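Trainee: Chains Y and A are the protein sequences, given in the same order. All residue numbers for the first sequence refer to numbering that gives the first Met the number 0, where the first residue is 0 and numbers rise by one. All residue numbers for the second sequence refer to numbering that gives the first Met the number 0, where the first residue is 0 and numbers rise by one.
These are computed hints drawn from the structure, not numbers from a lab. Just so we're clear, the structure is a prediction, and the values are computed from it rather than from any experiment. One or more hints might be untrue.
Claimed, not checked - Okay, derived cross-link-like pairs now, PhoX-like style, lysine-lysine, Cα gap no bigger than 20 Å in a straight line:
no.	chain 1	residue 1	chain 2	residue 2
1	A	K117	A	K60
2	A	K356	A	K335
3	Y	K449	Y	K30
4	A	K132	Y	K117
5	A	K335	A	K29
6	A	K356	A	K29
7	Y	K60	Y	K117
8	A	K30	A	K335
9	Y	K449	A	K132
10	Y	K132	A	K132
11	Y	K132	A	K15
12	Y	K449	Y	K29
Read off the chains here:
There are 2 protein chains.
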Amino acid sequence: MSLCPVLIAGEWRAAKNPVGSFAAEDPAQKKMLPETYPVSGAEDAEAALVAGSAAALELAKASPDVIARFLELCAEGIEARANDLIRVAASETGLPAEPRLKSVELPRTTNQLRQAAKGARERSWCRATIDTKLNLRSRLAPLGGPVAVLGPNNFPYAFNGVAGGDFAAAVAAGNPVIAKANPGHPGTTRLLAEVAIEALAGSGLPRATLQLIYHLPEELGHVLVAHPLLGATAFTGSRRAGLALKESADRAGKPIYLEMSSVNPVFFLPGALRERGPALAAELSSSCSLGAGQFCTNPGIGAVVAGPESEVLIAELARAFAGGTPGVLLGRNVPKAIARSLEVLVAHGAGILCGGKEVDGSGYRFESTLLRVSGDAFVAHPGPLQTEAFGPVHLVVVARDAAQLVAIAALFEGNLTGSIYAHSGTDDDALYTELEPVLRPRVGRLLNDKMPTGVAVSAAMSHGGPYPATGHPGFTSVGIPASLTRFARLESYDAVRPARLPAELRDANPTGSMWRLIDGVWSERDVVAAG
Amino acid sequence: MSLCPVLIAGEWRAAKNPVGSFAAEDPAQKKMLPETYPVSGAEDAEAALVAGSAAALELAKASPDVIARFLELCAEGIEARANDLIRVAASETGLPAEPRLKSVELPRTTNQLRQAAKGARERSWCRATIDTKLNLRSRLAPLGGPVAVLGPNNFPYAFNGVAGGDFAAAVAAGNPVIAKANPGHPGTTRLLAEVAIEALAGSGLPRATLQLIYHLPEELGHVLVAHPLLGATAFTGSRRAGLALKESADRAGKPIYLEMSSVNPVFFLPGALRERGPALAAELSSSCSLGAGQFCTNPGIGAVVAGPESEVLIAELARAFAGGTPGVLLGRNVPKAIARSLEVLVAHGAGILCGGKEVDGSGYRFESTLLRVSGDAFVAHPGPLQTEAFGPVHLVVVARDAAQLVAIAALFEGNLTGSIYAHSGTDDDALYTELEPVLRPRVGRLLNDKMPTGVAVSAAMSHGGPYPATGHPGFTSVGIPASLTRFARLESYDAVRPARLPAELRDANPTGSMWRLIDGVWSERDVVAAG
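Make the full structure from the sequences, and use the hints.
Mentor: Pasting the structure below:
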């Protein structure tokens, strides 16, 4: 049995003393795929850290134009190998080639890479700040060590440890990446790494700018995120795994950025339901079924006030849920995890209106499942009833009255998003005014009359939120320039001689158009020396 | 024995079931001061959290102008009560009334408050970002819970939990503060709180915007920083206490900003020493003696290359150290801690050139102490030889050659600052080029030909640095607007109706001059609706 090579110190080579091996499974066929990948041991991890640390020093000296070119070459390489990437990702994840992989996620990924390239080239992300009177200058700078990126199972390109959003942000900010593949799609990750290695050669960046390990035993994951040579970690995945890694990273004083679970509550105010209830049911059920519900922004909980308009919504939802064909799930563990979550929900008072069982057949599937629970039960068991069921599952909470709806909002943990649907006129304004201040501090992104499943790659995006949706409420993993600032140190230069300053802090604007805060004024101009 | 009241829920009231009491000592007289303060128990902490949490909701709705006015009234109140403040702080800290307290620290503190007020009023700190095409808008917003501020012993005004830099930043960002006094200067803190309570009344902010507890048992400190109602913590103090609190806050997912120990290495390159060695010795010894060495940016370690010019520096330093009068230290524990640190340094090869003993007499004093150690010893024991001796102590590391000087730089832990003195011409350029990339990622602020002890309140300041100087390398505790961003969440508004947006994100610029990033362009203008 020959194991696929890992990418370490710029070379594809056999894993050294791997501690195991694994293969991916085609979840649509329930069939193991032929390639076998190593579970790396301490030697691979250590070698990647040492090489990444050396690359960090080189990368800190690299021109932002070269870094940008690398990211653009990654995007071009992905386009050139799109057919392979779609074939392999479809087989490893069960996600449909069209439209999802080819027309949605792949272009999103190349768009992210190109936006990151633009951000790197513009340099404005580093918030160069110049105090001419004191000759004190600061900017955000690369971390000085590689960034470990651990991607999730649900986006084989867009959040992949190689070529995904965290990768693009870390590299654009001038840091090498040590990617740990998600074991659900190692072949996709390998292909992306092949693209990246070619792009490194084409751009002239050090080859150890990217290193790839397919899998690590849990204890080595902890060593990695806490290692003295590491710059920071970006993790997208389950709360259990994320919090465990956080503890190790925190203890070592290493930044770790986590995007964990979120149930993304959607509040339907009574006026909106009276006005357009059936349309909202269609909108919600369609959002719930995107990616078979396996989105971090999947709307997992809806909240309504008891009344006939809410019964209409629920009935329409049940009809839509029962009518749809459940999508293939990402792997064999997903339906098991859904079933476990449903047990928790049901044990705390939720009733299943439709669905509730794994679907037998050729692929891993779970019936689209709609649950209902009273506001009283939610108030009594807010923790268990916020259990995430990662898949096509939605729980409607029916508050006894408007006051209880607000009380329910106050019980939500930190979430990535929260939506409020309101009457298009003023019917719901009074309740909105009560609800919004309670919901707002609990979510990263607040939406009006909109489902949360679209995560635009925009400077104004917050794909983050309060704990435990993430580990720090001040950052976002999507959106440039903000996502880059996670992978940076604030460094200040005090009376440093002009020729010794980094280009971003010299008097001359290095690009002619970089935004800098000069004596309190954002400007694209050169510094005019103070009197 | 009557205990001074605590300030909770807007009222000065007796501590409820305090777990103990304490008094401050006049370190210049070695005499206990008459006032007795409570060590608060769980009831006070819980009451402060509940009231602070309610105040957070109110404060989030307050106008930035009102918040700014409060901070300005604090500054005015401090000036009005300057005589009391100086008398009490001098008695509690032993710091000289002139110039330190009256002409340096008090004006610095009022300046910080006024800069924070200006920052709050301008609103640019919140990085409002608007994507007109997607109608997606984001800003940094208050945390939704109070900020616990734990101040250090060495700056009774400027870093005080009440009216100091962290307080000003937290309030300017829209958060209430729960201050825990430093037990070294409870009376000063109480006076500052009296000023602040008057300022709250004058500005109309909720009275629970500030609450004051004098002391907490260690276990309750852990409860406080991890409490669900808390927004975040700002701590300045020892590494031991800071890391212990960090562990509790991290585990609860609560942001904590720490400014801990730092030895602030100063590298004297050979050309600089040949050119102006005696002047540099004078500059260094004067910087070392500021505040009797009790500055977080005190230069604790100097590094030189072996050679006659370095011997001149060391000889001049020894003369200056031996000639000065040691200042009064902040308290009885300080000389003990210095002695313990010296033991560690000496045990690992450092030799004491002058000083080394506590001074007997009326006040707590320690001889200005100069130590010397070989580069070889430093390379062998880099950890112990970086032990901070908080006081008038300086260790010169003599590298065998230039290469070892660079190797020494590579062994430094994260520090607030690092300085390099070089020949005014080009004599040291080659070595600077070797040294800088190694030192740069290890320090928050890099200085050229300058001592680190001045920490300007400037937008371009980084008073932060890599772990373990702080807990996160991306933030600064001094400098506006950056220091405010620690106490904020990133929140995004997705398709939210215009009238429901916070003022900072509406089309109209709320001040006419607030900086916002609109479609990638920093602008002070209104949003022009996209086509």
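Trainee: None of the hints should be skipped; say for each whether it holds.
Mentor: Going down the list of hints, with the structure as the test:
1. With a C-alpha separation of about 18 Å, the suggested pairing of K117/A with K60/A holds against the 20 Å cut-off.
2. At roughly 10 Å between alpha-carbon atoms, K356/A and K335/A fall within 20 Å of each other, so this suggested pair holds.
3. A C-alpha spacing of about 38 Å is found between K449/Y and K30/Y, which places the hinted pair above 20 Å, so the restraint is violated.
4. About 18 Å separates the Cα atoms of K132/A and K117/Y, which keeps this hinted pair within 20 Å; it holds.
5. Between K335/A and K29/A, the direct Cα distance comes to roughly 14 Å. Compliance with the 20 Å bound is thereby established for this hinted pair.
6. As the CA atoms of K356/A and K29/A are separated by approximately 18 Å, the hinted pair is consistent with the 20 Å bound.
7. In summary, the hint linking K60/Y to K117/Y is supported, as the alpha carbons are separated by about 18 Å, within the 20 Å threshold.
8. Between K30/A and K335/A, the direct Cα distance comes to roughly 17 Å. Compliance with the 20 Å bound is thereby established for this hinted pair.
9. As the CA atoms of K449/Y and K132/A are separated by approximately 16 Å, the hinted pair is consistent with the 20 Å bound.
10. Restraint check for K132/Y and K132/A: not satisfied, since their Cα atoms lie roughly 39 Å apart, outside the 20 Å limit.
11. Our distance criterion of 20 Å between C-alpha atoms is broken by K132/Y and K15/A, whose separation comes to about 50 Å.
12. Proximity of K449/Y to K29/Y is assessed by CA-CA distance (about 36 Å); at most 20 Å being required, the pair is judged violated.
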